[in-house]
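> Use these hints to put chain B onto chain A, whose structure you have.
2 protein chains.
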Amino acid sequence: MNDNKKQINVGLIGIGTVGGGTWTVLKRNAEEITRRAGRPIKITHVADKNLDLANKVVGNDATITDDAFALIKNPDIQIIVELVGGVGIAKNIVLQAIENGKHVVTANKALLAKFGEEIFAAAHKKGVMVAFEAAVAGGIPIIKALREGLTANRIEWAAGIINGTTNFILSEMRDKGLTFADVLKEAQRLGYAEADPTFDIEGVDAAHKATLMAAIAFGIPVQFDKAYIEGITKLESADIAYAEQLGYRIKLLGIVRRQQDGVELRVHPTLIPEKRLLANVEGAMNAVLVKGDAVGLTLYYGKGAGAEPTASAVIADIVDVARLCDSEIAERVPHLAFQPDALSTNLPILPMGEVLTGNYLRIRVEDKAGALAKITAILAEQDISIDALLQKEALSKGETDLIILTHICKEKAVLAAIEKLEKLETTKGKVQRIRREELL
Amino acid sequence: MNDNKKQINVGLIGIGTVGGGTWTVLKRNAEEITRRAGRPIKITHVADKNLDLANKVVGNDATITDDAFALIKNPDIQIIVELVGGVGIAKNIVLQAIENGKHVVTANKALLAKFGEEIFAAAHKKGVMVAFEAAVAGGIPIIKALREGLTANRIEWAAGIINGTTNFILSEMRDKGLTFADVLKEAQRLGYAEADPTFDIEGVDAAHKATLMAAIAFGIPVQFDKAYIEGITKLESADIAYAEQLGYRIKLLGIVRRQQDGVELRVHPTLIPEKRLLANVEGAMNAVLVKGDAVGLTLYYGKGAGAEPTASAVIADIVDVARLCDSEIAERVPHLAFQPDALSTNLPILPMGEVLTGNYLRIRVEDKAGALAKITAILAEQDISIDALLQKEALSKGETDLIILTHICKEKAVLAAIEKLEKLETTKGKVQRIRREELL
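Protein chains in written order, with my numbering: chain A, 3 to 442; chain B, 3 to 442.
Hints are supplied without guarantee of correctness; some may be wrong.
To be verified - Some chain A residues well away from chain B (every beta-carbon gap over 12 Å; in silico):
(1) Q98
(2) A243
(3) G264
Said to hold, decoys possible - On the chain A side, residues computed to face chain B include the following (Cβ under 7 Å):
(4) N31
(5) R37
(6) R156
(7) V297
(8) A313
(9) A318
(10) A339
What the hints assert, rightly or not - With a straight-line cut-off of 35 Å between C-alpha atoms, the simulated DSBU-like cross-links for lysine-lysine are:
(11) A:K228 <-> B:K29
(12) A:K127 <-> B:K44
(13) B:K412 <-> A:K29
(14) B:K7 <-> A:K116
(15) B:K277 <-> A:K236
(16) A:K128 <-> B:K8
(17) B:K394 <-> A:K277
(18) A:K29 <-> B:K128
(19) B:K44 <-> A:K128
(20) B:K128 <-> A:K7
(21) B:K236 <-> A:K277
(22) B:K128 <-> A:K127
(23) B:K29 <-> A:K128
(24) A:K8 <-> B:K7
(25) B:K128 <-> A:K44
(26) A:K44 <-> B:K127
(27) A:K8 <-> B:K127
(28) B:K394 <-> A:K178
(29) A:K7 <-> B:K8
(30) B:K116 <-> A:K7
(31) B:K7 <-> A:K127
(32) B:K8 <-> A:K8
(33) A:K8 <-> B:K128
(34) A:K128 <-> B:K7
(35) B:K277 <-> A:K178
(36) A:K394 <-> B:K178
(37) A:K178 <-> B:K178
(38) B:K127 <-> A:K29
Think of the hints as simulated: they come from the structure by calculation, not from any bench.
The beta-carbon is built from N, C-alpha and C at its ideal position, and this holds for glycine as well.
Same shape as in the complex, but just chain A (with noise of 0.2 Å):
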């Protein structure tokens, strides 16, 4: 071992879940640790609000402090850790261990999502480091891939899994043929859903994520609030059963897309062909899948959440800075992968209503002739044509689904037939409307 270097301290700030796994999987390995990072690391300092907890934890092994801020002023202390989470107290951790000169490793995409461009920009001055690899789909390091795994090509698109409780959700609502509200009790009971699932099942948890990732994918300053969300409370059981009736599966994606004039960012319930391996990532899982011009397809499955596999990114994120923490050239990666003087001008987040997607449209309507030549004929109207259609035996009081997937078109056009697909005297109701993607 080389003896020349030292020791790098860490002090870690939250030892709540991330926390607790990031001081139980770095205290383990620490031997096979320090032999790839040619220096042993030690999270010296920890503070929380909890010193109880804290002190359960941790016990002797590192100093304990309820003031997050001692560990920032602490001369001995190099990297700084933030898993505090939020926007609040979590933003002034951070700004301020810039500040101070320390490099920062958090899981914190909210925090990045909102202020990642006044965050990456205090960063670059001060040349330290603000790795955020546990940020985005948990253990998967996929950061790290679109970064500098694949910089020899034009990103195309990346469509995720990014959120864990909802893709529990939908994967137990088409196993168990049980509807949303049911399947969101039960994932609360078990722990995959928290006591306000709000963020993750409005899309909002995915929509952090995306954010981030089409910033590093396509050299862009980082823009939560131009991202479109929706989230997976209004789909139905039915809606899952006639995707797979069609061959696809719906899932909640985070869609990155390059235009031409711009960038697509938007999360949304997707139906994807059920051949696709994204199709068959199952339960709290994630997976993500990158269109590079040059390699083609890739894709990165692993845990998303949890003590363990997040704690995974966060001490890859720290044997990382660690390895250049006191050179000049700690920035070695752009943070958000393009040098920022050097990001792209002429790519804004496209408006909603220019995003390119097929469609999954189902219709309840009166089971009447001409029903379905008068909605095929708004369909044509608006230059939406159609790949497969599917009507369903009748229902009860001579009702009927008719199910049409559409070819890609344009956002608004799609918005306006459904106005008034939804005028027609035979439909019945609102129209189901799903996003569909080929993922090719």
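Okay, now just chain B, sitting in the frame of chain A:
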């Protein structure tokens, strides 16, 4: 753009498929790659014995020569890309480039699997990098994932479909019910298999790659001569069909696994449960499944060969090297993931007899009372327990196929049992045996 950073000059040796792809992609995406790397990266010199080809591909955009060693001596070149292949001249090129203080990027798995120890030691001594992302699984950034993305983990095992030719053949055999020989011919016609396909179909190519994976996963020396290698030539369509009836698919896997006293390093056809993503990797695609103690299972999927996918990996390495090219810490990450003076000393490659696997046994038996009793007695004697049993209806001649899936047991116990099974008077011909992995 940071103007302080000078252009990196690359010397490319070998302008065949991958070399041509590297030239094309680096040229096409030059602007985007520069924006990532923070400095222009250019192939300024190209060497190939075939000057006509080099002229055709490169034109006047680089200096062309048929003397590879002229590039290695050129003081203006910082990075040598070796895409000659094989273990003859390529070895001299790589070693002399290192000796001259050049960084090397190579896709040459055969060279590194056989002479990695010598090459990496020389590079470490000189403080230069020998980067080899393209040597394993083509465009998939699996070396980066194993060496950097999963540093927090004690890697337990990795199992990969790391040879596209054999995966294409096995996929076609299953889809179309054809024999190995027929599909091989088709694969050769389509360009998925070479005129002399030995290295692919006998598992040698996969073993080169598995050897490198074992080294970086477990911190052990590169030891190709200790790898167990079994190809796919003896697989019959019947086995693929029987496996399917039992819920399995057959894939040629490269498997590296840590046991208490050593490491398993092996390539062979393997039954894997059809529900695993790995089982659904079809055609010429590659994928590697990795089990880490913290992260759990992660999977990496993409194209394992071809001009541009391989170029994607070559260029990612060039950019990686370019970032630290002229610094004193070019060897930021050790070649074999662990510091050269911190390799594992207590993890020899285990002899095949000590390897643990489940098994598929197909026994052609005379349809006689008592035959099954004798077979199960032999297995019990070797402490091999049966997980599933499938007896087919009698074939012609009063014979039938008996399929047995065993639980995990030692290789030597299985071999001993097979020897006895083949001596039974009710057994006709050889016992077909294929290993089986659950991959959990």
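> Run every hint past the structure and note whether it holds.
Going through the hints against the structure:
1. Residue-level check passed: A:Q98 sits 26 Å from the nearest beta carbon of chain B, beyond 12 Å.
2. Here A:A243 stays apart from chain B, with its beta-carbon at least about 21 Å from theirs, past the 12 Å limit.
3. Every C-beta of chain B lies more than 12 Å from that of A:G264, the closest at about 16 Å, which supports listing it as non-interface.
4. The closest approach between the C-beta of A:N31 and any C-beta of chain B is roughly 5 Å, which is under the 7 Å cut-off, so the hint is satisfied.
5. Against a cut-off of 7 Å between C-beta atoms, the interface hint on A:R37 holds, since the closest Cβ of chain B lies about 4 Å away.
6. Hint status for A:R156: holds, given a least beta-carbon distance of 5 Å to chain B, under 7 Å.
7. A least Cβ separation of about 4 Å between A:V297 and chain B falls short of the 7 Å threshold, and the interface hint therefore holds.
8. The beta carbon of A:A313 comes within 6 Å of a beta carbon in chain B, closer than 7 Å, and the hint placing it at the interface holds.
9. Checking A:A318 against chain B: minimum C-beta separation of about 5 Å stays under 7 Å; hint holds.
10. A least Cβ separation of about 6 Å between A:A339 and chain B falls short of the 7 Å threshold, and the interface hint therefore holds.
11. For the proposed pair A:K228 and B:K29, the alpha carbon gap of about 33 Å is at most 35 Å, so the pair holds.
12. Straight-line distance between C-alpha atoms of A:K127 and B:K44 comes to about 29 Å, which keeps the hinted pair within the 35 Å bound.
13. For a cut-off of 35 Å, the pair hint linking B:K412 to A:K29 stands: about 33 Å separates their Cα positions.
14. As the CA atoms of B:K7 and A:K116 are separated by approximately 32 Å, the hinted pair is consistent with the 35 Å bound.
15. Between B:K277 and A:K236, the direct Cα distance comes to roughly 29 Å. Compliance with the 35 Å bound is thereby established for this hinted pair.
16. For the suggested pair A:K128 and B:K8, the alpha carbons sit about 23 Å apart, so the restraint of at most 35 Å is met.
17. Note on B:K394 and A:K277: the hinted pairing holds, with a Cα-Cα distance of about 30 Å set against a maximum of 35 Å.
18. This hinted pair checks out: A:K29 and B:K128 have alpha carbons roughly 34 Å apart, not beyond 35 Å.
19. At roughly 30 Å between alpha-carbon atoms, B:K44 and A:K128 fall within 35 Å of each other, so this suggested pair holds.
20. Proposed proximity of B:K128 and A:K7 is supported: the alpha carbons are some 19 Å apart, at most 35 Å.
21. A threshold of 35 Å between alpha carbons decides the hint, and for B:K236 with A:K277 the separation of about 29 Å falls inside it, so the pair holds.
22. With a C-alpha separation of about 33 Å, the suggested pair B:K128 and A:K127 falls inside the 35 Å cut-off, and the hint holds.
23. Only pairs whose Cα atoms come within 35 Å are accepted, and B:K29 paired with A:K128 is accepted, the gap being roughly 34 Å.
24. Taking the CA atoms of A:K8 and B:K7, the gap is about 29 Å. The hint holds against a cut of 35 Å.
25. At most 35 Å may separate the alpha-carbon atoms for a hinted pair to count; B:K128 and A:K44 meet this at roughly 30 Å.
26. For the hint pairing A:K44 with B:K127, the CA-to-CA distance comes to about 29 Å; that is within 35 Å, so the pair holds.
27. The hinted pair formed by A:K8 and B:K127 meets the criterion: a straight-line CA distance of about 21 Å does not exceed 35 Å.
28. Using a Cα cut-off of 35 Å, the hinted pair B:K394 and A:K178 holds, with the two alpha carbons roughly 33 Å apart.
29. Note on A:K7 and B:K8: the hinted pairing holds, with a Cα-Cα distance of about 29 Å set against a maximum of 35 Å.
30. A distance of roughly 32 Å separates the Cα atoms of B:K116 and A:K7; the hinted pair therefore holds under the 35 Å criterion.
31. With a C-alpha separation of about 18 Å, the suggested pairing of B:K7 with A:K127 holds against the 35 Å cut-off.
32. As the CA atoms of B:K8 and A:K8 are separated by approximately 32 Å, the hinted pair is consistent with the 35 Å bound.
33. Taken as a hint, the A:K8 and B:K128 pair is honoured in the structure, with Cα atoms around 23 Å apart against an allowance of 35 Å.
34. A distance of roughly 19 Å separates the Cα atoms of A:K128 and B:K7; the hinted pair therefore holds under the 35 Å criterion.
35. At roughly 18 Å between alpha-carbon atoms, B:K277 and A:K178 fall within 35 Å of each other, so this suggested pair holds.
36. Annotation: proposed proximity of A:K394 to B:K178 holds, straight-line Cα distance about 33 Å (limit 35 Å).
37. Between the alpha carbons of A:K178 and B:K178 the distance comes to roughly 33 Å, so the proposed pair stays at or under 35 Å and holds.
38. Of the supplied pair hints, the one linking B:K127 and A:K29 holds, its CA atoms being roughly 31 Å apart against a limit of 35 Å.
When the structure is compared with the earlier hints, no violation turns up for any of them.
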